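Residue numbers (full-length UniProt numbering), protein chains in the order written: chain A, 1 to 344; chain B, 1 to 344.
What the hints contain is simulated information worked out from the structure, not anything from laboratory work. Since we're looking at a predicted model, the values are computed, not measured.
Intra- or inter-copy, both count: the list cannot distinguish identical chains.
With a Cα cut of at most 25 Å, we get these calculated DMTMM-like pairs of lysine to aspartate or glutamate: (1) K242 x D216; (2) K78 x D291; (3) K220 x D204; (4) K242 x D291; (5) K242 x E171; (6) K78 x E149; (7) K242 x E173; (8) K220 x E173; (9) K220 x E15; (10) K4 x E63; (11) K242 x D230; (12) K4 x D54.
Next come the chains, spelled out residue by residue.
2 protein chains.
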Amino acid sequence: MANKVALAFDLGGTELRGALVESGGHVVAHASAPTMAVAGSEAVIGQIITLAADILAQRPQAEVVGIGVGAPGPLDPKAGIVIAPPTLAGWHDVPLIDILGSHFGLPVRLENDANAAALGEWRFGAGRGTGSMVFVTVSTGIGGGVVAEGHIYHGRRGLAAEIGHMTITGEGERCFCGAIGCFEAVASGTALGRRATALTAPGDGSLLRRLSANGDVSAKHVVDAARAGDVRALELLEAEAKWLGIGFTNLLHLYSPDLIVMGGGLANGFDLLAPMIRTTVGQRAMPAYRDVPIVRAELGARAGLIGAASLILWKGEAGAPLAMTHDENNNGTPERADREASHG
Amino acid sequence: MANKVALAFDLGGTELRGALVESGGHVVAHASAPTMAVAGSEAVIGQIITLAADILAQRPQAEVVGIGVGAPGPLDPKAGIVIAPPTLAGWHDVPLIDILGSHFGLPVRLENDANAAALGEWRFGAGRGTGSMVFVTVSTGIGGGVVAEGHIYHGRRGLAAEIGHMTITGEGERCFCGAIGCFEAVASGTALGRRATALTAPGDGSLLRRLSANGDVSAKHVVDAARAGDVRALELLEAEAKWLGIGFTNLLHLYSPDLIVMGGGLANGFDLLAPMIRTTVGQRAMPAYRDVPIVRAELGARAGLIGAASLILWKGEAGAPLAMTHDENNNGTPERADREASHG
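This is chain A alone, in the form it adopts within the complex (with noise of 0.2 Å):
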């Protein structure tokens, strides 16, 4: 008997991933390559037919009902046009669901990369349920998607909850982006990395360097050494907790948001991290927003690739799978009861 199923894509500037995933969010089939991030568009569209055949072919009873893709911003998701993504070079307006929807004959929607994953994790994962949702993507750098009354909260052009770059401070190193203070700029593994490394020296036979192999050290590496029992790495978790507590406490004050859910790399790290975040909300927010649960993501790094898929198999009200059938066989999504490890 067929599945009616949907065909994502999670377009990213190191890695192309793609699925089909059938109602419930369930990833049935996936393949993955290296983006050929420096070869034009063509080239990387050229990667996605490709990947969409080899996916195809795992599945071949699958009915495909349509294709979503999240691919990296600035991209105007109703225009369907990929606009200028700084980890992608030669695209320039590229109208990414014409070429896609001529080449397929499916309808096909698109959404910048942490739109996605955020509704991913409020379809699918540690948001379903809420009305409301902010999620929080913390590696690299820090990116952001808002949920709002069921819907992305878009804004003009779809640039809306670009919250990296949310001034936090007057401190700390110059963001690529020009400004001083951004929230990415202070808060992003990148930048606990960058802490850890300057706190530490080659050699000097810390639990971070040896880990690090001597070279810099990362955010893993200090979540790794925290793990451990490190002094220094659990203090470097509690300072970065810190500048995650401000953040969130802006992202309440702003939205005031059901649940905040954190993902990306660092969260990893959640549990460290948790209870010196929830002491800074409560420290920092007004009354009425403390008692908002702050949880982490739950899909990991599937959360874009499913929410694309829910971009086509979603037509329900928030909450409500209206267009799907749960899945007889939950293989794989934590249950509910596990998701506030960060609550109380």
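Based on these hints, arrange chain B on the given structure of chain A.
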């Protein structure tokens, strides 16, 4: 012939204002009284009822179709409950919609004061015709309201757009809310007056102190002195405009509106502030956001009343007053061409 009008109230901590507002947003009768702010909710509701009688007596032939109220937050606009406004003693979870609805036998709608002013400006003032807008009121504090896709962006419990308590710096005096670096704490009219007071001394012969009769210098004194060419006042406004520019840049990145509208007392100095606001936005905003107009509010102190009335009168989609016939006599609303003083 009867005209359909709304009865509107703007319930402030110092002044209670009421008006009859007809289609097109024009005030056809109004009255006000000093709010009995320490006398509890029953006394103030009695004032509202008395004021309503005064206003209705001015236009006995008017056909009142409902009552719109702007009141201080926090409040729940859907439930119609004023929760606990800091400026009104003895108000705790007051079901204002039910109380006024029972008394008058009319539909009643409630919105917080900043959101009501945002609606007024969007529907009948500087924001008319735009799809989305952020309204910022800069006076004693800083408040705001966000209109997106034809609606106030409410968030959980109507608490979104608490923009005065967005952290934008690590410096400055502690905000009354307890945090450091709130937008309001560094960029409100109060903050400007405080800086002007600290920069001068009673009896120093400065224009600022002459204007203040050697008392504390207010934001209005700074604007007046700057208009007279006072160098110190101009420098104070330049610093003020930089803070406003930092905050407005965040609002662009977070909400991506089509327009920012600045109201409140300090909008009286908008022409003096606008060049440095724009320079700061040009330096700090990412390129795609830099051309968003930032304009002065048009409705002044009446924005809240007119917006409250529109809760009753306005039934249409964004930019289209479907349920209202436009006034033939446009008496008092400036022409749209005048409104982009700052843009260029």
